[in-house]
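Trainee: Sequence:
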Amino acid sequence: MEEKKKKPIYKRWWFIVIVVILVLSALGNMQQDENESKNYTPSNSASNSQQQTQEPVDPFPNATTGEKNALDKAYSYLDYTYFSYTGLIEQLEFEKYSTEEATFAADNCGADWNEQAVGKAKSYLRSSNFSYTGLIDQLEYEKFTTEQATYGADSCGADWNEQAAGKAKSYLSHSSFSREGLIDQLEYEGFTHEQAVYGVEQNGY
Numbered sequence: 003m004e005e006k007k008k009k010p011i012y013k014r015w016w017f018i019v020i021v022v023i024l025v026l027s028a029l030g031n032m033q034q035d036e037n038e039s040k041n042y043t044p045s046n047s048a049s050n051s052q053q054q055t056q057e058p059v060d061p062f063p064n065a066t067t068g069e070k071n072a073l074d075k076a077y078s079y080l081d082y083t084y085f086s087y088t089g090l091i092e093q094l095e096f097e098k099y100s101t102e103e104a105t106f107a108a109d110n111c112g113a114d115w116n117e118q119a120v121g122k123a124k125s126y127l128r129s130s131n132f133s134y135t136g137l138i139d140q141l142e143y144e145k146f147t148t149e150q151a152t153y154g155a156d157s158c159g160a161d162w163n164e165q166a167a168g169k170a171k172s173y174l175s176h177s178s179f180s181r182e183g184l185i186d187q188l189e190y191e192g193f194t195h196e197q198a199v200y201g202v203e204q205n206g207y
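In this text, residue positions in the sequence shown follow the numbering used here: the first is 3, and each later residue adds one.
Simulated from the structure, these hints should not be mistaken for lab results. Being a predicted model, the structure only gives us computed values, none of them experimental. Any given hint might turn out to be false.
Subject to a maximum C-alpha distance of 16 Å in a straight line, what follows is the list of computed EDC-like cross-link-like pairs (lysine to aspartate or glutamate) [to be verified]:
| hint | residue 1 | residue 2 |
| --- | --- | --- |
| 1 | K124 | E102 |
| 2 | K145 | E92 |
| 3 | K171 | D156 |
| 4 | K70 | E97 |
| 5 | K75 | E102 |
| 6 | K124 | D156 |
| 7 | K75 | E95 |
| 8 | K98 | D60 |
| 9 | K75 | E97 |
| 10 | K124 | E164 |
| 11 | K124 | E95 |
| 12 | K145 | E189 |
| 13 | K124 | D161 |
| 14 | K124 | E142 |
| 15 | K145 | D114 |
| 16 | K171 | E144 |
| 17 | K75 | D109 |
| 18 | K70 | D114 |
| 19 | K171 | E203 |
| 20 | K70 | E102 |
| 21 | K171 | E182 |
| 22 | K75 | E92 |
| 23 | K145 | E117 |
| 24 | K124 | D109 |
| 25 | K124 | E92 |
Distance ranges between label pairs, derived from CB positions [stated by the list, open to error]:
| hint | residue 1 | residue 2 | range |
| --- | --- | --- | --- |
| 26 | G112 | D139 | 25 to 35 Å |
| 27 | N71 | G206 | 32 to 42 Å |
| 28 | E102 | G206 | 52 to 62 Å |
| 29 | E182 | K98 | 48 to 58 Å |
| 30 | L174 | G112 | 17 to 27 Å |
Beta carbons are placed, not taken as given, at the ideal position from N, Cα and C, and that holds for glycine.
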């Protein structure tokens, strides 16, 4: 009896099935790669890099060199202290900028003059004692408007009784006062009678 010949491996059914599966898998991967290629968009890094190399936009293209320099100087001043609108102009004029250049800087520096008044008020209160009206007078002396100065005094957070006590202590450290004389002096400084009485009582009277 003749021995049955074995079929070559490439003719066996399971080999054909494997080959078909591999071919279909390869076609699927090719289709996926093609779709990904179509949907690919360049990363933002290239566009961001292009934007970063663009020249900054000049917000005041029609301003003169003097006006731009005055504005830079105004920014510099406002970084470390407080000014009224008029006070800033005068300071820039002191720096030899023209009135037009200084005014341009004050108009365009972006300062909130009410908040500048608050900052100035707090600055004064760190080094001295003021009554409410006395602080308003001082801020007006710094060329803040009455409305701005009032806002500054209203918003600085001062305890006017304690300000009176501090002022009384300051007077007593330099001179001798009777009780009534010290009350009168504090009222002269703009403290109310009640605040003045509180101030002298806190200092032993």
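Trainee: Compare the structure with each hint and give your call.
Mentor: Hint-by-hint comparison with the structure:
{"no.": "1", "hint": "K124 to E102", "in the structure": "31 Å, violated"}
{"no.": "2", "hint": "K145 to E92", "in the structure": "10 Å, holds"}
{"no.": "3", "hint": "K171 to D156", "in the structure": "24 Å, violated"}
{"no.": "4", "hint": "K70 to E97", "in the structure": "14 Å, holds"}
{"no.": "5", "hint": "K75 to E102", "in the structure": "14 Å, holds"}
{"no.": "6", "hint": "K124 to D156", "in the structure": "11 Å, holds"}
{"no.": "7", "hint": "K75 to E95", "in the structure": "11 Å, holds"}
{"no.": "8", "hint": "K98 to D60", "in the structure": "24 Å, violated"}
{"no.": "9", "hint": "K75 to E97", "in the structure": "9 Å, holds"}
{"no.": "10", "hint": "K124 to E164", "in the structure": "15 Å, holds"}
{"no.": "11", "hint": "K124 to E95", "in the structure": "26 Å, violated"}
{"no.": "12", "hint": "K145 to E189", "in the structure": "24 Å, violated"}
{"no.": "13", "hint": "K124 to D161", "in the structure": "12 Å, holds"}
{"no.": "14", "hint": "K124 to E142", "in the structure": "15 Å, holds"}
{"no.": "15", "hint": "K145 to D114", "in the structure": "14 Å, holds"}
{"no.": "16", "hint": "K171 to E144", "in the structure": "26 Å, violated"}
{"no.": "17", "hint": "K75 to D109", "in the structure": "13 Å, holds"}
{"no.": "18", "hint": "K70 to D114", "in the structure": "20 Å, violated"}
{"no.": "19", "hint": "K171 to E203", "in the structure": "10 Å, holds"}
{"no.": "20", "hint": "K70 to E102", "in the structure": "11 Å, holds"}
{"no.": "21", "hint": "K171 to E182", "in the structure": "15 Å, holds"}
{"no.": "22", "hint": "K75 to E92", "in the structure": "13 Å, holds"}
{"no.": "23", "hint": "K145 to E117", "in the structure": "14 Å, holds"}
{"no.": "24", "hint": "K124 to D109", "in the structure": "24 Å, violated"}
{"no.": "25", "hint": "K124 to E92", "in the structure": "22 Å, violated"}
{"no.": "26", "hint": "G112 to D139: 25 to 35 Å", "in the structure": "28 Å, holds"}
{"no.": "27", "hint": "N71 to G206: 32 to 42 Å", "in the structure": "56 Å, violated"}
{"no.": "28", "hint": "E102 to G206: 52 to 62 Å", "in the structure": "57 Å, holds"}
{"no.": "29", "hint": "E182 to K98: 48 to 58 Å", "in the structure": "52 Å, holds"}
{"no.": "30", "hint": "L174 to G112: 17 to 27 Å", "in the structure": "44 Å, violated"}
Going through the hint list in order, the structure does not satisfy hints 1, 3, 8, 11, 12, 16, 18, 24, 25, 27, 30.
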